[in-house]
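Combine both chains into one complex, guided by the hints.
Keeping their order, the protein sequence lines are chains A and B.
Sequential numbering of the first sequence, starting at 361, is according to the numbering used here.
Sequential numbering of the second sequence, starting at 132, is according to the numbering used here.
Derived by calculation from the structure, the hints in this document are not laboratory data.
There may be inaccurate statements among the hints.
[What the hints assert, rightly or not] In silico lysine to aspartate or glutamate, EDC-like type, Cα no more than 16 Å apart, as pairs:
1) A:K380 x A:D401
2) A:K447 x A:E382
3) B:K192 x A:E407
4) B:K432 x A:E429
5) B:K485 x B:D460
6) B:K181 x A:D408
7) B:K485 x A:D413
8) B:K181 x A:E407
9) B:K192 x A:D408
10) A:K447 x A:D408
11) A:K369 x A:D457
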Amino acid sequence: MARFVTVAKADSIQPGQMIKVEIDNFPIAVANVEGTFHAFDDTCTHEDCSLADGELVRTAVVCPCHFAEFDVRNGAVLVAPATVPLKVYPVRVQGNDLQVEF
Amino acid sequence: MASASTIAIVGASLTGQSAAATLREEGFDGRVVLVGAEPQLPYDRPPLSKNYLRGGMPFEKTLLRPPEFYRERQIETRLGTTVVRVDVEKRALQLDGGDRLEFDNVLIATGGRNRRFPIPGLDLPGVYDLRTVADADRIRDAIARGGRAVVVGMGFIGAEVAASMRQCGLEVTAIEPFKTPLYRALGEDIGLVVEGLHRDHGVALILGDAVAAFEGKGRVERVVTRDGRRIECALAVFGLGIEPVTELVAGTGVRVDNGIVVDDHCRTNVPGVFAAGDVANHYHPVCGRQMRVEHWQNGIKQGAAAARSMLGRGQPYDEVHWFWSDQYDANIQYAGFHAAWDAVVVRGSLAERKFLAFYMAEGRVESVVAVNQGRDLRRTLPIIKARVAIDPARLADPNVDLRTLAPSERPA
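Chain B with its partners taken away, still in its complex shape (with noise of 0.2 Å):
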């Protein structure tokens, strides 16, 4: 790799991070180039809807790497910038402040922006969403002038609020429009049992139901639902779920349909163009299609792959998508790829919620989810990758050892 070359990343969050660092780490020594448009150095996220939230956690221990690593490794940080265009043809990115920045090859790790719906009301000062840091430090400060809150959405980033509002004090009313928490990600059965989790730790959950407006004079007073519901509350947040950051190349040649299109190198249709985490729709081998997610472990190791396709040592990302959730004292972790499935087999007790549910299509398990069971969530990623059918009488026996059923890999 010539020494002139340029590698300029957007996006200085877990992804973009992760790649500065793997170039390094694969002995990349032209120019690197991390671009974020927030102030801060990378910082991780998973903090901020619970230990940063609830005002457990300082913000230096959020950061991915301390600053002298970037230093050290001259990786240059353009922080507060935002790229307003990457011209493909001119090799170049045209920044916020009129400034242009050359490069080689550039990685696009944007990540996504929260989805905001024209709700009556959703500009009011008291309604929050949560994406950035000063995010939550405007929804902290909100929490410890008290009252009650009403979380609109019961997704993941919505559970974890509510959660840590319960866990500060506040009486918490969560709205959710399909008929448990977390349905649409984990269906009912075990939507059920994170339904049972947040009524027992004090949240009035209203369910089958949507938000029509937030009202109050000069601030959010109430929320008001479609059904006529009419709740007071000091405090609005809404996690409605992101949408990928793709403006800056829109119009320019690479593909865009929900993110930027990728191959399984993190390439897109332009050479010299790659995008990670987020905000990139790539190509997943094992399950032989398309797939954007919005989790912790691909960013990080999506960000580490693109950055070693760069170099041209580039390996077919095939991870199996993994992520965690922690609600209360419930450690939930999911595995997989399911975007169907025909069967739920449980090992363990969801009344207990310790726990692993399988998700079967075909006689394969497609994804798992676990409560309070990690170890054998972690023993079932080499059962999900082999796609090949699984006894599901061994999979809900508990005194069946994970690890003995995932066919033994081939040699290499």
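Just chain A, with the same shape it has in the complex (with noise of 0.2 Å):
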């Protein structure tokens, strides 16, 4: 059952930052894109390379081992050698917690 998972507060992620969490021992990357955050998986689809290790450019996260980019608002892939697309989640602040549904 999907439900609304707390893994962080809101203020310690700054615009333009990635942070990662784990729920269920599942690496999930969480962005903040200008005030709106984004969740999805931590791991790259191309390698196993953990994206929150990354840039964040814009709205696109570029993976730190072959630069292979996803759109984090849809998981779409932008840039290979990735071709598969990223799994996203939904995300929902409530007063100051940060949560994934997972």
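Have a look at this one:
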């Protein structure tokens, strides 16, 4: 059953920043794009690299290992070598709790 | 662009498919024909020395595009077909089955083939080299049979194959004529780091020695070195670099010099004939000189640049060259153009294998190597492109954000 899980304090992630969290031992990345939060699988679909260790460029996350890029809003592949889209998750803020539906 | 026109692309790999896809993205509605010597649709080669070689990836996952991609975009493919000659006067490709294919523009993206040296026993069964998926399949079968493997040449392919075979549980001995692995590409300081990486993972490294012969009765049984070492083995893999595949333009007037010579728009000296990827010795406007590189990123980006150039919408191709190599848990990346350097500035820890190394010439950052620091390497690309002197103390200081070091871009 999907439910909203609190993963961080909303004010702990500045605009332009990403963090890596775990839900049920599963790595999820959360990005703050100009005040809007986006959650997605932390593991790149190309190889097993952590996207939160990469770069957030506006609405794109760039994998640190091979520079594949995804749109954090919908998971779409923007730049190869990735070919498989990234899974994204609904996010909400309750008070100062940042919650991801998982 | 008239609908009647035909663009032929010779080479159905990373560069060729990138060019074909770009032609359609740019709205070209003529005929696009992708001719490839291998029987497969374009596939990705980097996994061949890594995940695919270790058996962790099915072939289908290496395809750069699904089969329907070509159908939907009306990109014709002629696979398993070698272009014997480009008939420049009559604007036609002469194919190995005797067919001819007429074109208005042609892109040569034939890439390279592995260098072979006249080493006795090189043709013995059990001695392999790696370029194609068929090569990788043969090595996989040999890995499955087990035994000691000898890797000849610790350049990037040799180093990756050595790592993959260790990860598959084989005993591996590697022979490299230079004093460290990757010495020619990265120099001694970083070469020593890569040497430590392989020794820590159990590779027996023989440096400063070279193969004299492969020996065995009907199959390789040992490798004999110049210094007289004899290494018993069940298989051997050599990685001694590639040479560009250019014979299809021999004698046609298309200029060949370490590959097919092109300008910064991928144009050869013959109108209507273009080249891109590993085969293209291209003029690089950032460096102000010709260069030929064998990188994945150049393959994909230069293929796209050539496509736009063929449509008359070309821009000077000035990408900062970049590549990666994954060995064990080390993600090694390289960006830039160094031919020679006068200093190496390190940011991070060589011992922990987490660092950037900046190769400096006259105060400028010519190139950068990163180990497990991809984000910072990416932030270095504008610094390399700027070609201005950068304070080495700030490069070395991990508290300085690299994004603040590049001069801000001039307004367009």
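Hints and how they fare:
Distance check on the hinted pair: K380 (chain A) and D401 (chain A) sit about 9 Å apart at the alpha-carbon level, within 16 Å; holds. With a CA separation close to 15 Å, the supplied pair K447 (chain A) and E382 (chain A) stays within the 16 Å bound. As the CA atoms of K192 (chain B) and E407 (chain A) are separated by approximately 12 Å, the hinted pair is consistent with the 16 Å bound. With a C-alpha separation of about 15 Å, the suggested pair K432 (chain B) and E429 (chain A) falls inside the 16 Å cut-off, and the hint holds.
Using a Cα cut-off of 16 Å, the hinted pair K485 (chain B) and D460 (chain B) holds, with the two alpha carbons roughly 11 Å apart. Distance check on the hinted pair: K181 (chain B) and D408 (chain A) sit about 13 Å apart at the alpha-carbon level, within 16 Å; holds. Annotation: proposed proximity of K485 (chain B) to D413 (chain A) holds, straight-line Cα distance about 13 Å (limit 16 Å). For the hint linking K181 (chain B) to E407 (chain A), the alpha-carbon distance of about 11 Å falls within 16 Å, and the restraint holds.
At roughly 15 Å between alpha-carbon atoms, K192 (chain B) and D408 (chain A) fall within 16 Å of each other, so this suggested pair holds. With a C-alpha separation of about 14 Å, the suggested pair K447 (chain A) and D408 (chain A) falls inside the 16 Å cut-off, and the hint holds. With a CA separation close to 5 Å, the supplied pair K369 (chain A) and D457 (chain A) stays within the 16 Å bound.
Comparing the model with each numbered hint stated earlier shows that all of them hold.
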